[in-house]
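Enquirer: Listed in order, the protein sequences are those of chains S and E. According to our numbering, the first sequence is numbered sequentially starting from 1. According to our numbering, the second sequence is numbered sequentially starting from 1001.
Since the hints were made in silico from the structure, they are not lab data. Even for Gly, the Cβ is constructed at its ideal location relative to N, Cα and C. Hints may contain errors.
Said to hold, decoys possible - To spell it out: a stretch of chain S is covered by chain E in this simulated footprint if at least three of its residues, at any positions, have a beta carbon under 8 Å from a beta carbon of chain E; those stretches are:
(1) 90-96
(2) 104-110
(3) 303-313
As the list claims (entries may be wrong) - Pair ranges (Cβ atoms, derived):
(4) S:His-228 <-> E:Arg-1024: 52 to 62 Å
(5) E:Ile-1148 <-> S:Gly-207: 31 to 41 Å
(6) E:Arg-1005 <-> S:Ser-318: 49 to 59 Å
(7) E:Val-1163 <-> S:Val-20: 54 to 64 Å
(8) S:Asp-130 <-> E:Phe-1049: 26 to 36 Å
(9) E:Ile-1234 <-> S:Gly-168: 55 to 65 Å
To be verified - Facing chain E, a subset of chain S residues (Cβ under 10 Å, in silico):
(10) Phe-17
(11) Leu-78
(12) Gly-83
(13) Thr-86
(14) Val-218
(15) Ala-270
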Amino acid sequence: MTRNDVIIRTENLTRHFGDVVAVQDLTLDVRAGEVFGFLGHNGAGKTTTVRLLNGILGATSGTVEVLGLNPLTDGPALRRRTGVLTETPSLDDRLTANETLTIYGRLYGVDRGRLRTRVADLLGQFDLLDRCDALVGGFSRGMRQRLALARALLHDPEVIFLDEPTAGLDPVGRREVHDLITELSRSGGRTIFMCTHDLAEAQKLCGRVGVMGEGNLVALGTLEELAHSLQKGVRLEIELDEQPGPAVLDPQTESPTATSPMAALTWDEATHTAGAWLPTRASIPDLIDNLVASGARIYGVRRQEPSLEDVYFALHDSREGIPPEGDAHSGGEA
Amino acid sequence: MNRNRLNWRAVRAVAARDLTIVRRSKNVLLPIILVPLLLLVIIPGAIGFLGSSMDVGSDIEDLERFLTMMPEPMKAQFEQYTENQTMVVFILVYTFAPMFLILPMMTASSIAAGSFAGEKERKTMEALLYTPTTDLELMTGKMLSAWIPAILVTLVGFVLYSVVVNVSAWQTMGRIFFPNAMWVVLILWLAPAAAGLGLGTMVLVSSKVNTYQDAYQLGAMVVLPVILLILGQIGGVIYLNVAFVLGAGLLLWIVDAAILWFAVKTFRRSEIIARL
């Protein structure tokens, strides 16, 4: 399998539970070696999708293929090559960390001769070695999450499904997991399918994201592609000596200083920063010209790309029928 | 790998996992130890000792009237005994026999309730479903983890019971009178089938409920046929001899096979995950 080969492919994948639509017409490609973010609110269909992709749940209709296998008919063969971190760690309190990994190693078919070393390595890697013979019932939430993650990696899976991988971890633990995901993807060539609520985490780690809403895939692509499709424009922050005059501020005025209807400037008195959403980057020089012409003293200009959070909430608002507000979700300075 | 062949390493891993959990579960382990201790050691021991000191004299008419209700072969057997010996043999050899059906049933169903419904309740099943084990391997491992302890408890209980009744009733009987052929068949043929019935019933019940308590309470109904057996025996309708135990065992194994067939057909991870 080489990079960019399609590893996961679904077409019109649908799953109903009675009258409830969990996943509807999901069409998706995930390529080898990429970290794919799967976003959406609770109940959006993310976990159901992971279950469908691993063959532990059958589809109502549509097709699905993972690593060239049909998850439902080739489930055991597929699951030997995938690892899943479930949303809840799904660990038994009455087993020790060592027992948990050893038993799951046998279930995943890890070679007998290699199992003991592999378990010890993972316990060391996830900082659990000194508690390896303690019952999991006495573990903190972070330790449970680390153990569950170690379990998902026991058999060196080619595709790793992570459902909220940093839930319950402290900042240091989060950073370690982020580093691990990056390492698994870059050096290990693993494909990561990551469900998360954490938009900053997704922006940091994921090349492409899919956004689920009520069982439907509402957006798919890189952050830039999503931002472009939502036509959010360009966000500009300008540090000034004082608040610009009304001619620049009022987009409705016929004054020659008006730039465009999108250039309604906002003002943050604390940082002396004016913010603006412009339709294209070509509008930037016009706005600067207007500010200079109005006598403003400019100390700095920063162009900000829309964050995943901006895109996510814009998607959410558009689905809820809320009109776009430019920088409505872009931070406290606006 | 042949997809129809069981991967026994995986089956053993599932069974080892569940057995380790059972070993550390007080609410499952305590009844498995205490109930046999009470039913198979303390109570029969007391009866054996009392048998030697009991004065049957005033109750002899009651006993004789009771024995007239018993089947002919049993009456013929009792002719060789004194009143005290008759009392001891009737209670310890015949009346206690159904306990060795209740015991494996209860043990198997108690462990299976924890292993199937309990696991759903503790939310520990999902990770197991994501492993490469097949549905059949998963179910076989879980069933073995309940069936093997049930058989072990029955065998250990039988050895203890044999020692206790022979020692405690030595003064009355004056010889080793237990076990007889019927008991050997009961322990090796009928009791494992009874364990299978308790287990199979619990697997089916667990697929419909989500908590250990619900499963255990519903599954407890499986002992009803044994209660009927006890009543039938006291009423003189049933005589526990080798032929009866062999026949009852055959019937139970057939019922077990039917339940097992149904359980294998219904135990689907897609069904289980949909209920989690």
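Enquirer: Hint says 52 to 62 Å; check whether the CB-CB distance for S:His-228 and E:Arg-1024 agrees.
Expert: Holds - the Cβ-Cβ distance for S:His-228 and E:Arg-1024, about 56 Å, lies within 52 to 62 Å.
Enquirer: How does the coverage statement for the segment 104-110 of chain S fare against chain E, requiring three or more residues with Cβ below 8 Å from a Cβ of that chain?
Expert: Contact hint for the segment 104-110 of chain S vs chain E: holds, 5 residues under 8 Å.
Enquirer: Check the following: the C-beta atoms of E:Val-1163 and S:Val-20 are separated by a distance inside 54 to 64 Å.
Expert: 60 Å, holds
Enquirer: Note whether the CB distance of E:Arg-1005 and S:Ser-318 lies within 49 to 59 Å or breaks it.
Expert: 53 Å, holds
Enquirer: With chain E as the partner, please determine if S:Val-218 meets the hint condition of a C-beta pair closer than 10 Å.
Expert: Since chain E brings no Cβ nearer than about 25 Å to S:Val-218, farther than 10 Å, the hint is violated.
Enquirer: Within the segment 90-96 of chain S, is the number of residues with a Cβ closer than 8 Å to a Cβ of chain E three or more?
Expert: holds (count 6)
Enquirer: For the restraint on S:Thr-86, tell me whether the closest CB of chain E is nearer than 10 Å.
Expert: 5 Å, holds
Enquirer: With a Cβ-Cβ cutoff of 8 Å, does the segment 303-313 of chain S contain at least three residues near chain E?
Expert: violated (count 0)
Enquirer: Please verify that hint: S:Ala-270, Cβ, nearest Cβ of chain E, below 10 Å or not.
Expert: 47 Å, violated
Enquirer: Would you check whether S:Phe-17 satisfies its interface hint, that is, whether its CB is within less than 10 Å of any CB in chain E?
Expert: 7 Å, holds
Enquirer: Is it true that E:Ile-1148 and S:Gly-207 lie within 31 to 41 Å of each other by Cβ?
Expert: Since E:Ile-1148 and S:Gly-207 have Cβ atoms about 50 Å apart, the given range 31 to 41 Å is violated.
Enquirer: Mind checking the hinted window 26 to 36 Å against the Cβ distance between S:Asp-130 and E:Phe-1049?
Expert: 55 Å, violated
In terms of the numbered hints stated before, the structure departs from hints 3, 5, 8, 14, 15, listed from lowest to highest.
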